Structures are given as structure tokens and as C-alpha cells.
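> One line per chain: the protein sequences are A and B, in this order. Using my numbering, the first residue of the first sequence is number 1, and each one after it goes up by one. Using my numbering, the first residue of the second sequence is number 1001, and each one after it goes up by one.
Please note that a few of the clues may not be correct.
[What the hints assert, rightly or not] When the alpha-carbon atoms are kept at most 30 Å apart in a straight line, the in silico DSSO-like pairs for lysine-lysine are as follows: (1) B:Lys1679 to A:Lys37; (2) B:Lys1275 to B:Lys1114; (3) A:Lys231 to A:Lys174; (4) A:Lys241 to B:Lys1761; (5) B:Lys1633 to A:Lys174; (6) A:Lys37 to B:Lys1121.
By construction, these hints were calculated from the structure, which means they are not laboratory data. Nothing here was measured: the structure is a model prediction, and the numbers come from that model.
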Amino acid sequence: MEYFEPKSIGDALSLLSKHGAEAKVIAGGTDVMVDIKFKEEPGALVNIKKIPSLAGITERGGSLRIGALTTIRDIETSALVREKLPVLWDACRQFASLQVRNTATIGGNICRASPSGESLTPLLVLEANAILAFSDGERSEPFKTFFQGPGKSAAGAKGLLTEVDIPIPPAGSKGVYLKHAVRGAMDIAMVGVAVMLTPDAGKNNAQDVRIGLGAVGPTPLRAPKTEALLKGKALTAALIKEAGALAATEASPITDQRSSAENRRWIVEALTRRGLEQTWKAATGKEVA
Amino acid sequence: MAKAEYKVIGTSPARMGGIDRVIGKGVYGIDLMLKDQLHGAILRSQYAHAKIISIDTSEAKKLPGVHAVITAEDAPNVRYGRSYIDRHILARGKVRFMGDPVAAVAADTLAIAKAALKKIKVTYEPLPVLIDAEEAMKPDAVVLHDDMPLPKNIPADVKVRNVCGFTQVHVGDPDKAMAEADLVVEEVYETKMIHPQYLEPRSAAAQMEPNGRLTVWANAQAPFPVRQEVAKMLGMPLNNVRVISADIGGGFGGKGSGITSGAAIEPICGLLAQKTKRAVMIVLDKAEETISTTIRSGAKMYIKTGVKKDGTILARTGKVIYDTGGYSGFGVQAGGRCTNMLGGWYLMPNAHIDGYTVYTNKQVCGPVRGPGGPQAAFAVESHMDTIAAKLGMDPTEFRLKNIPKPGDKIIGVHKLRDVSLGETIKVAKENIGWGKVKLEKNQGIGLATGSWIESAGPGGGAIVKVNEDGSVTVHVGKIDMGTAPRFGIPVIVAEELGVPVEDVTVLSVDTDASPWDAGTVGSRAILVSGTASQRAAIDARTQLFKIAAGQLEASPDDLEIVDRQIRVKGTPSKTVALSVVATNAHNVIGEVIGRGYCDNLELMAEEKAHGSSQPFTTHACIVEVDTMTGNVKILKYVAVHDIGQPIHLAAVEGQIEGATAMSIGQALCEQVVFDKDGKTLNPSFVDYLMPTLNMMPRIETTLVHGYPGAGPYGAKGAGEIACVPPMACIANAIFNATGVRVTKLPLSPENVLRALKEAGKA
Ligand SMILES: Cc1cc2nc3c(=O)[nH]c(=O)nc-3n(C[C@H](O)[C@H](O)[C@H](O)COP(=O)(O)OP(=O)(O)OC[C@H]3O[C@@H](n4cnc5c(N)ncnc54)[C@H](O)[C@@H]3O)c2cc1C
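Model the full structure from these sequences, guided by the hints.
In C-alpha cells form, the structure reads like this:
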């Protein structure tokens, strides 16, 4: 295995072009090192940690920009993220152990493209974009189309994720991320549900509701039918119940050693309901009637 | 006996070598580095059940850096086993689970050894795979061991296959009693395979000595049985094999090579050393551990009980199907124990239980902490609460109604000496706040009891040597893994010899020097090595007094040792230092060497005359169930135990907490998961869910006193019993919270949610 430490994005991209499918980018390494140990060694390991200015959280226009090398811990402890993007903050604090959060990067979490990756459903409901660098230029790709399958993304083998561009949701919007696992944060999520709710001006109805479902399909998913059902309405217990059941039908889970598909649907239903209740209350100050 | 009579018994002095372990200085087997050591690695079967058509090792042998490639053909054609002699050193002719060792390599580096494994070509002819023990028993199932007959005691009209152990409990007239019952309750319970998951991996090292002897370093719980097994498997005279115990980082019955023949890497390592004439070390990695070493078996238990309206139990019938895996291992003993314990530890005038230990294509059963007990208790104690609910009785009242008195018998025990069961229930009720604590919505309270064997078994000896500085060196045959040798034994010897605990050194086991022992299993370390050490210390003291008597111009009978001084009782001015007497011994007998034994015949006679002094326990807990997701959180947990006189208090509490935590793990999340081909789907800590600290309640331990056991000072074994009640305790609290009875372990979110859904409660 050859090992490289490029000092610029350009150098990194040329290494990726040169080594093609043999090359592997490494950031925090919390996924890559496990793969090297248990699966296969890549021909060339391209460590991007020495590229300056790929880490950091900044507000620009109506967006937060988070550099690909920003650690999960930095996001979790950012007052800016907590205030503006509570759904992402909520996911990052339920992410593995402190040791892993100190090492793992958001870029790695995204490019790993695991359906259970904690930051992925929040980025979907935030309607964020991946800023990708290729040897022929830069491109902004919405996360809606970025994830293509387990381990597959629009970054491909030759692209580099440099930043995430996250439009800041309207003031008053609230978000939660609910993770279902046996042992809490340390486990790979059996199901993850991100819910974001924006109330109307009078706080009487849900002007916008977005629901992201993790670990229940080949990629993280949105639940468009459920979102449509709720849009513009006041959330009642009956409506939330209906929404939970509908969200379960929008998931397409598999059975594996962690959970049966049937259980995953049950949990999607439960967590969607719970997420809606919590965001409704947080956004309107009212209990669900 | 009041505590005050003792100087150090019942206190908690620092554990010998404890700090070294905590700060990372502990020296384990894996830290050994022998001169010119080669690295060994084992090729494991990729099929759960297959015929081996051929093994071609030629390519592997050609690889530079490879020094030996061995298969079953390189060893004598003998088999080992404890009840059924059914296993070869490396698979011969057939493999019976994925992980069965097929070949082994010794090479200059581990990387070369692993590369060589990949070059060994094995041609298999796959055979049907048996995963479920109940299916495997069926008369049309494929037979896993052609030449292993059914147990002789199986009734002729029972048509089964793949059964290697049969236990029948029959008391009174259960059919008649069942017919007379006001209420009959019938249930089926199931537990899954768990792996003991000690953190230190299994390792073995072996080296041929110039004189033709073989030295083996093993982190095994039973060095003497390992010696015997290695000698047998390699065709060597016993006295040419020496086994040295490496420090052990947890075993929990999983490192029972020699006792179970389940995971014996020591003979394989020995064979590689023999072939290469070099030192060889084998270290298993976590995935290899999980798929190949010995485990706590899953059991399916049918249980049926007849009771009177007032709660008096009339009869129990049942059936146990105990999955021993590809080889008999410890399954016959554990399955037998499970069958007896399905009869419970309450008064049971009528019973009939059949227990079958069954071969399947899975990992082999070992003597994992309380073999058979936790499984049986999950069924028995869950069932007790189901019955109590049907009777409309408080579960604790129902239990107290059926408690044996001293002199009574219970299933498997002809006579009980003392019975602390009732007191443990009462104390646990008090400690958890039974009937008093206010429970919120979806919270529930539960309780379960347990018992464990305390009876005769193999004996053992101890040697206590008094050095000329007055310090003491002790040899026992039990290895240390956080158990008695380095906690309780120094305390016992210090108590008898009037020296500080830190003056006592207990040596690791070396079969060339230590007294023979059957192994550190069965909660027997304090009983066997503790008793032997106490007697050896007393013997040494007697010798010291004899030497000191002349100098002190007193009769040996009038002497005592206090604070390293031998003195005349009542005349504190007449003293001589222990070190002076021990030095004077050089000119008399050379060295004071005390000997002592735990005599099994004596134990049996005691037990026959006065009954068995079994330990009892009650655990109680409060849980909260998330009825939308099935997650269970334990809010409070109390463990009340009678373990007789504690010798080292912190060690006893540590054993209780550790065993409770182990079973809480099995209760809430642990299991080895298989696919239909017998492949383990969760061989790493990512997916084999050990409980994490955030799931673990504080375990509040209380000891009840006044029930002396058969061990020294009235001690009872404490290593296993706390594994017995937790699963039912938690299941009962879930039942109390939700009204739903979960009959299958683990009580994982999915299993709990499924049960809630089936009952229409979620
Ligand atoms: C013990 C443990 C617990 C874990 N728990 C969780 C958990 O709870 N939730 C969770 O979501 N994940 C968890 N993970 C997985 C992992 O930590 C995360 O996916 C993490 O975010 C990966 O980030 P990294 O920087 O370590 O990525 P790396 O391992 O360095 O890389 C991951 C992948 O992304 C690619 N990559 C990295 N950066 C870039 C880039 N800028 N551009 C293009 N490709 C890139 C790499 O080539 C690789 O394919 C856990 C891992 C471990 C070891």
C-alpha cells in the first residue's frame, strides 16, 4: 500500500486521478481503518488531513458552511450549529463515543454513504448541498441526489468533498433526530429519524414538515407522502398517528442481524410520531391535541 | 460465627497484583516472548457441516517463512472429550461447525502464517446443517456423529437422534398431582447462545525442551486437565508435559480447555512446537474467539406446574432441550444441571423432567459461569410470576409459601442444611421498596430468586512455605482470574499465620510444582483451595510452634502468632519473631512446609449427615419500558445473597456484581446470531452487543449472614450464583410494567416490542 499526504486539494485530486479505483481517501479514518483491518487494503491511501482550510464552521449568506474535515465533536459543541441547525446538532451528540466523535469527520460520514450514518438524514431534511471538487472543477450537488446506494455517492472514486453548504432554516423552525439502538449512541442505528417542522406565523399550523429516514433503505430517505399529508395542518394526535403509519410505508428496510425489516417499520412509525410531537411542541409551544 | 472473631477474614485488603493489572503492568500469556518464537495460526472450517474430501497443504508448505503445516494426519488418531470422547485435535473426516479447526501453520510472522492458511486447499462435501436443537433431535435428522451412540439411560421408546446426554428427574406421582391441581400453567421458554467475551484473548505457547519434554504456557482455567489432554493428543507420557499458567484476563468458564475439550488450542500449539522444534505461540483474535471457542448454550425449556388455589405447588413437569453444539464439550453436565434446576429450588413433591443434550452444528458448550443455571432460572422464575398472576397472588407471597425448611429436600438435593431463601426474598423486597415505591406509567417491579450447587467434587491440596523472613509462599492448583487465589487465599493464610496479608504470595500454577487440581470452575476455588490453604497454614503453624516452644520454654499448645511474633498466650513479654523461628528451622527441618487438603470424602460425609448448605439469592429491580420502541431501562437493581462467611468482602461483592452484569447482558442484548448455514453473523464487538455502562444500573449488593457453608470459616462459592436470577428478574419487571410475558431472550427492544404488539399493547 502506498501512502500520500497531499498538501492541497489539487494535489489530492491528481493522486485520485492517477490511482483511480485503487486509491482511497482517508480523513478521520474511523471507517477506513476498520475496513483495512477487516476487509481489504487499498493500493494507495490518500490522507487529506494535511490540506489546510478544509475544517471549520462559518456562516455565509443564509447558509452555514461546514468544512469536510470538521469533526463530529466540533459540530456537537458549536453554539452556531446548536442554534441554527438543531436537527444536525441532535444527530452529532448521539454519534458513537467521545473518542470517535473527536476523530470522525462529517466529510467521512457523508462519503461513507452508509444508510445509517448519523448526519445524513439531518442533511437531507435541511436540504443541504455537497460541495465537490473534481479535477475538472467544482460542483454543488444536493444531498437528495448525492447518495446513490450503500457506500456509493456522487463524489465517486475521483471526487473530493470539500464543504457542506446548509441553508439555514427559517427562524422558529425546530428539528430533532431520534436514534433507535439497543445501547444508545455506541451502536449503529437500527433506525434514525430526523424531523424538522416550521410553524406558520401564528404558530397554528405546520407550514413545512420534513422527515428523513435512516437505515431503512439503500440510502437515507425522505418521506414525501407523509410530509405532504402534514403540510399546512395543525398537528393532532390522530393526524400524527396517521403520519407515523404512512411513514412506515415509505421506508424500504431490510432484515439483518440488527433488526428485522418488520421491526424497522414499527420503529419508523414510533419515532416519526415522537419526532412530530416533539417538534410541534417546540415550535408552537403547544401539546399535541 | 461473629465477624469479630477474625483478624482479616471478611475484610477487603488490596488484591495481590491488582494495581499492576489496573495500570497495565500485568503480564499475560500474550506478553510472553520466547526465544526464536514462531507464530501459529489455525485454519477454521468454512462449513458448519461437511465431509472433508481432501486437504492439500503443499502450496502452503512452499511459502517462504513457513515452518510447519499440520492436519489431523500429523497427530495420533485419538479423540478427547469429557463425557463423549468425540473430538480430534484437528478435524478428521468431517467438520461440525464453522470454526472447527482443520489445519494449523507455524511461520516466522503472523502475516506469513495467515497467508499460508489461505494456500491450504480443502475440498469439502457440504452436508445438511442443523442449527436448531429441537430439529436436530428429530428421528429423521441427519446424524452428526456416526459412531456416537445414544446415551444408555434414554428410554427405549424415545425415538431421537443426535442426543449425547439424557437426564431424567422423577419424584412422586406428577400425573396424579397435576390432575388434582386447581390451576395448571404451561409455558415454553428459550434462551440463546452467548459468548463469555473475556477481554484477554485465548493464547497458548509451547516449546520442546532439549530433554524432550514439552512446556506449554496456557491461559486456561484448568492447567492439569490441559496437561493430561496435551499428553494424550500428542502421544506423550504425562510426565513429559509441563503446563505453566499464564495470568488470565477473564475466563468466565470460557477458557475451560481440558475440562471441555471445547476450544483446546494447547494441543495444536504443542503439535506445532513438536514438528518445528521451535517455540510457537498462538493468539486468537476476537472474531476467531467468537466463532470457535466455548460458549453458554441456548436452551429450550417446556415447563408445566400444577398449584392449589392457596399457592401450594403440587407438581412440575417439563422438558429441556440443551444445545451442546458440534461436540459434547460440557453440554452433558450443563444440560443435566439445567434439567435438575428446571425443578426449581422450592418444595416440589412431584416432578417429571426429561433433559436432552443435543448436538448441532454450532460452537461447543463450555462450563460458562453457572452452566445450565441461568437458563433454567429464566424459565423457572418467569414461570413463578406467571402462575402468581393467574392465582392473583403477590409473587413474593407465592414464593414464600413454597420455601423449603432446613432438612427438606429439593430437586437434585437430598437434604438441605440451612435455607436462606426466604430471608433473601424478604431483604430484597425491603431494599427495592416492594409495595412501597411509586411506579410511574410503563414502570414495573420484578424479583427472581436463585440457587447454585454447593456439593462434593474433586478435592485439592495446598502447600504453605514459611520463608526465613517470615513471609509466606503458597502453592495451590487453582489459577487466578479475579477469584480466590489472589483475593481470598492470602487472607486465609494471613489469618492463620498472624502475618499481614501482603506477606503472602500465591504462586501461579505450574504442573511441575503445584498440587493437582481439577480447575478453577464451579465456584469451587474457595471451597477447595481455600480449605486446603487454611489447613496447610495450620500445619505450618504447628511446625513453627514446635520449633519455637524450646526457645520460649513453653508448650507448643500455649503459643500464638500475632503481628509476625510468636508469643506465649497470656504472657506477651515472652515472644520470638516469626522470622527467627523460620530461620532456625534451617537447622532443624530445613524449611517449614505446611500441607493441607480439601478432602472430598469428608465433604460427602458432612453433606450426608447434615445436608447441603446451598447458597441462595434474590434479585429485584425496577424497569421502565418504552412501549413504542421496546427499549427497557433498568432504574434500580438490588442483589441479595447468602454466600456464607465472606472471606474477602470486596472480592465477593465484585463477583456478585460481575456475574449480575454478565446476565444483565444476556437479558437485554447479548446473543450469538447465526444464519441458516451456521455462520456467525456477529463475530465482532460492533454487532455482538455487550452491555455498555449506560445500560448498567448500580448493583446494590447485600449479604445475609448466619448460614455457614462447607468452605473455610463457613464460606460458600460466590462466583456463579449471581448469574442465575437476573434474566427472570428483568422479565418479571417487564411483565409487571406491561402485563406482557416475554419468553425468549434477549429482552431486546425488538423482542419486547414484538411481544407487546402480539398482545395488542403497542
Ligand atoms: C466505534 C465506532 C463507532 C461508530 N459509531 C458511529 C455512529 O454512531 N454513527 C455514525 O454515523 N457512524 C459511526 N461510526 C462510523 C464512522 O465513525 C463515521 O462514519 C465517521 O463519520 C467517518 O468519518 P472519518 O473521518 O473517520 O472517515 P474515514 O474513515 O476517513 O472515511 C470514510 C469514507 O469517506 C471517504 N472520505 C472521507 N473524507 C472524504 C472527503 N472529504 N471526500 C471524499 N471522500 C472522503 C473515505 O474514502 C471513506 O470511504 C462509528 C465508527 C466506529 C469505529
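> Evaluate each hint against the coordinates.
Results of checking the hints against the structure:
As the CA atoms of B:Lys1679 and A:Lys37 are separated by approximately 20 Å, the hinted pair is consistent with the 30 Å bound. Proposed proximity of B:Lys1275 and B:Lys1114 is supported: the alpha carbons are some 18 Å apart, at most 30 Å. At most 30 Å may separate the alpha-carbon atoms for a hinted pair to count; A:Lys231 and A:Lys174 meet this at roughly 15 Å. The straight-line distance between the Cα atoms of A:Lys241 and B:Lys1761 is roughly 15 Å, inside the 30 Å bound, and the hint therefore holds.
A distance of roughly 28 Å separates the Cα atoms of B:Lys1633 and A:Lys174; the hinted pair therefore holds under the 30 Å criterion. Under the criterion of a C-alpha separation no larger than 30 Å, the hint pairing A:Lys37 with B:Lys1121 is consistent with the structure, at around 24 Å.
Of the hints listed earlier, there is not a single one the structure fails to meet.
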